[in-house]
Amino acid sequence: MSLIELKDVSKLYGFGDATSVALDEVNLTIESGECVAVMGPSGSGKSTLMNMIGLLDHPTHGDYVLNGKRVSHISVTRRAKIRRDKIGFIFQSFNLLGRLTALENVALPLLYKGFPTSKRNHIARTMLERVGLHDRTYYYPRQLSGGQTQCVAIARALVNSPEIIIADEPTGNLDTESSRLVMELLGEIHKSGNTIIFVTHNPELTRYATRVVYMQDGAIKYDEQTKLGEVGTYARKVMYAVPDTTEEDDLAGVSVLMKVRKDDTVKPSTKRKRTPARRKARLTRSEDGRKAQS
Amino acid sequence: MSSLRKGYLHLAMQSIRTSRTRSFMTMLGIVISVASVIVVVAIGQGVRQQIGNQAARYGQDVLLVRPNQAGNELTGSGLPGGTGALLNASDLSVTRSTPGVSVAVPLSAVTGQVRGDYTIPNPLIIATTPQLTDILHQSIDYGGFFTASDTEQTAVLGADIANRLFSDNAPLGQKFTLRGQRFVVAGVFKQFTAAPFSLEANYNQAVFIPYDAAQNLLGTAPQINEMFVKIKPGNNPNEVARALQHAITDAHGGTNDIVVLPPGAKGSNSDQTLHLLTLMTVGVAIIALLLGGVGIMNMMLVSVAERIHEIGLRKAIGATDRQIMRQFVTEAFAISFVGSFIGLLVSFAAIGLLRLYTSLQPVIVWEVAALAPLIAIAAGVFFGAIPAMKAARMDPIEALRHE
Ligand SMILES: Nc1ncnc2c1ncn2[C@@H]1O[C@H](COP(=O)(O)OP(=O)(O)OP(=O)(O)O)[C@@H](O)[C@H]1O
Ligand SMILES: [Mg+2]
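The listed protein sequences derive, respectively, from chains A and B.
Counting in the working numbering, the first sequence runs from 404 upward without gaps.
Counting in the working numbering, the second sequence runs from 3 upward without gaps.
A hint or two may mislead.
Stated by the list, open to error - Calculated lysine-lysine pairs in the DSSO-like style (CA-CA distance at most 27 Å, straight line):
no., chain 1, residue 1, chain 2, residue 2
1, A, 410, A, 484
2, A, 484, B, 392
3, A, 516, B, 392
4, A, 516, A, 489
5, A, 472, A, 484
6, A, 594, A, 472
To be verified - Facing chain B, according to a computed beta carbon distance under 7 Å, are these residues of chain A, among others:
no., residue
7, 459
8, 460
9, 472
10, 475
11, 477
12, 483
13, 497
14, 502
15, 543
Simulated from the structure, these hints should not be mistaken for lab results.
Note that CB positions come from ideal geometry on N, CA and C, so glycine has one too.
Please model the entire structure based on the sequences and the hints provided.
Next comes the structure, spelled out in structure tokens:
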């Protein structure tokens, strides 16, 4: 029995002509103990997929089987309880409640489990120690660096000892050094037996994954097993083909993966809405292309 | 489960602490509504009791004979009828000869300046007969009431005017002059209960002189403003009142310018007013308490709107809708609970101060003191539940995207 099974899962938004397809009949099976990196251009449905697996969202069509149980259409309360007990979330930003200390943030899922205060704090303290932040126990999020904030979020994701850790661009806001720190931590957690699914735009970070999934227009385009410590084949192609993102790209939220698409076989979807950021991304891309040719 | 609740209370307190000003303002609304309800009801109850005490000045066997004028000038300081008194000495004898009447005591207002240690330009001077003590259930602090056998011209003072007139604490045997005649103080009344808002004469400010002395002073029998009539035991007060009314109307040639009030009727007017006042108080109180609840709803709506992302995050890490709901309801509960409690304390303090520094004697109505905070809390939780529901039903993804 696989841990996660998505069967023809689609997610549609809107009606009629305005319908947009966030996930397009996705079939994905993830076994316990895998560490899956999800890549793909902006708007390709990575976050939607994460929310689907994390039971924050439910499919428009298709089935989701978790641990052998069909969970696509269960009640919101059961959904919340599965999130609480089986899944740990790490988001890109605003992971922590600003009004709570690091310890209180980490202990939060246990509150919803109904643990008494002393027990909550004890477990939370252990988790903070595990992520190496025991000396920041009583710091508020605003007093923590970006990397430390993500580590606290990881500690919180771990506090209920969930089987699955879902991280949607956990290093999206971090510099290289902090990204490495955070990924090392996730790698360790993976080694201790957790199933990890993370989204990233940085091919370098696929070294921490045992499997890389590439998404495009709501569908999975490539899905490959990789060795730990090695960059995925497709990702490697991407990595050396183009320079890193420029400052301007960062401002526009453009990722490395997007910039290489012109020499891909994959064409940008016409279905997708053109947001200012994407238009800018396209412009930047052609500019870079011209630069490369000259 | 209790640990859960402890956790929520902790969260609520945290939230209250972080938006201190807003929580404080909301709480203030509750404090004011609870305190004002308790204080206003206490004042009403105080006035009611005082008026009750005042009515108990006369026993259940005393009739009141008064001019039956529209707006008969009950001013709270003087006697009814003012200057145009309509009763006279012959009415007194008519009354005395009516069957069933045992004692008839006239009260006449006399004007003039009273000079003792200090001078009082125009006090309330009441000329009456020694039998007044049979009617008023009020003891004399010092000395005694004047008697028919007094050789000198004597007077009895109300407690307050005794203080104003003489520097001595117990001015027994002291003398004062009125219209050139000397009076000896024979006694001082104990403090009468004088109800605020009452239109009855305040006897604490009155100088009582014998009716005969007033006759000397004026040269004629003084006009009578009011009569107290005590009935013989075994007679029905209402029947005697009817007979007396008949006799006086006859004596006045059929004009109905005098009214005889049987014992029950005395306070009836003020009783109705009080009843109305109480009803209005209760109405205002309920509105005040509801407004406190609406204030909470308002604050909670802002609080929820401000924390959409937080709600998303809490849901993502496993909070159920009910748990989110409970968090916000706990917040509403905490605010209304603390506000109500402070309101209770404030009301006690206010009532204490009113008792000390004003003539009002508010009496705490314990049922109201217990109910008002409970209603405020219930209103707070009820109105708080609406924004809480809104928070609980939020879609986690939408909420997470917020900010
Ligand atoms: N609530 C929504 N209403 C309408 N369309 C939506 C909604 N949420 C997502 N979408 C659409 O679904 C598609 C997938 O979005 P998603 O957030 O999963 O992309 P992503 O791969 O995570 O992108 P990024 O790398 O920028 O985070 C997008 O085209 C988006 O416009
Ligand atoms: Mg995303």
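Outcome of the hint check:
| no. | hint | verdict |
| --- | --- | --- |
| 1 | A:410 / A:484 | holds (23 Å) |
| 2 | A:484 / B:392 | holds (20 Å) |
| 3 | A:516 / B:392 | holds (22 Å) |
| 4 | A:516 / A:489 | holds (12 Å) |
| 5 | A:472 / A:484 | holds (14 Å) |
| 6 | A:594 / A:472 | holds (26 Å) |
| 7 | 459 | holds (5 Å) |
| 8 | 460 | holds (6 Å) |
| 9 | 472 | violated (17 Å) |
| 10 | 475 | violated (16 Å) |
| 11 | 477 | violated (13 Å) |
| 12 | 483 | holds (4 Å) |
| 13 | 497 | holds (6 Å) |
| 14 | 502 | holds (5 Å) |
| 15 | 543 | violated (11 Å) |
Hint violations for this structure: numbers 9, 10, 11 and 15, all remaining hints satisfied.
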